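Peer 1: With the sequences and hints as input, model every part of the structure.
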Amino acid sequence: MAGILNALSKISNDNVVLSVRDIQKTFIEGGQPLHILRGGGFDLHRGEIVALVGPSGSGKSTLLQCVGLLDKPTAGSILLAGTPVHKMDDEMRTVARRRKIGFVYQRHNLLADFTAVENVMLPMLANGMDERMATTRAMKLLRAANVAHRASHFPGEMSGGEQQRTAVARALANDPEILLADEPTGSLDPAHATSVFDLLLDLVRKKKMAMLFVTHDMNLAARADRKITINNGIVE
Numbered sequence: 001m002a003g004i005l006n007a008l009s010k011i012s013n014d015n016v017v018l019s020v021r022d023i024q025k026t027f028i029e030g031g032q033p034l035h036i037l038r039g040g041g042f043d044l045h046r047g048e049i050v051a052l053v054g055p056s057g058s059g060k061s062t063l064l065q066c067v068g069l070l071d072k073p074t075a076g077s078i079l080l081a082g083t084p085v086h087k088m089d090d091e092m093r094t095v096a097r098r099r100k101i102g103f104v105y106q107r108h109n110l111l112a113d114f115t116a117v118e119n120v121m122l123p124m125l126a127n128g129m130d131e132r133m134a135t136t137r138a139m140k141l142l143r144a145a146n147v148a149h150r151a152s153h154f155p156g157e158m159s160g161g162e163q164q165r166t167a168v169a170r171a172l173a174n175d176p177e178i179l180l181a182d183e184p185t186g187s188l189d190p191a192h193a194t195s196v197f198d199l200l201l202d203l204v205r206k207k208k209m210a211m212l213f214v215t216h217d218m219n220l221a222a223r224a225d226r227k228i229t230i231n232n233g234i235v236e
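Each step along the sequence shown adds one to the number in full-length UniProt numbering, with nothing skipped, and position 46 is 46.
The following label-pair restraints were derived from C-beta to C-beta distances: (1) G31 x D90: 17 to 27 Å; (2) D22 x G186: 26 to 36 Å; (3) G39 x H149: 42 to 52 Å; (4) G57 x P190: 21 to 31 Å; (5) T26 x D89: 13 to 23 Å; (6) E131 x G30: 47 to 57 Å.
Below, simulated DSBU-like cross-link-like pairs (lysine-lysine); rule was C-alpha separation at most 35 Å, straight line: (7) K227 x K206; (8) K206 x K140; (9) K206 x K72.
I should point out that these hints are in silico values taken from the structure, not numbers from a laboratory. All figures in this text were calculated on a predicted structure; none of them were measured in a lab. Glycine included, each C-beta is placed from N, C-alpha and C at the ideal position.
Peer 2: Structure (structure tokens):
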């Protein structure tokens, strides 16, 4: 385990931070196979913002779950910084995910019983950071997300836009190489959606991260550097 995780800590000079090949995912429903992902792949480069598009039910979220190490593909390969993470066991994938990947979901997924600053601190504490350092960094991220004034508030006391901005700050907590976003503005009204997406693009550009985001909004997709499409289960 140590060898693979050490490899993850040594990001090469290669511009490719995520490489996916012949990705396949099959579920069993009612005793019958349901082929969601049927092949194809892509490379994601450092500093690149890529939109993942396709019809509803085409497998966009499934692909994001696989490349985000929340699920295993049925077949194919996923390389994170050149390391074959698809071969890792659950514990190793959890560590790799915490170190290298940040997530923003359609619904913020903040923990209701924790304040904004505590929600942002949690990923850092899970990675073993000292509480005082985690607090300092969490406040810095909340300021960057223009929501520091809500640091001591619980999610239920914040607007939808403020909650999603807090979720963006949380996604950046462990300084990830890759940001994955699944319809990050889908639950927001147009004004808040534009504001949150502007924030995402700004932070990703400044930190030179790679971002892969799922969207049905072609206006948002048009703002990406390029698009990846899923057609009939094929990633292209």
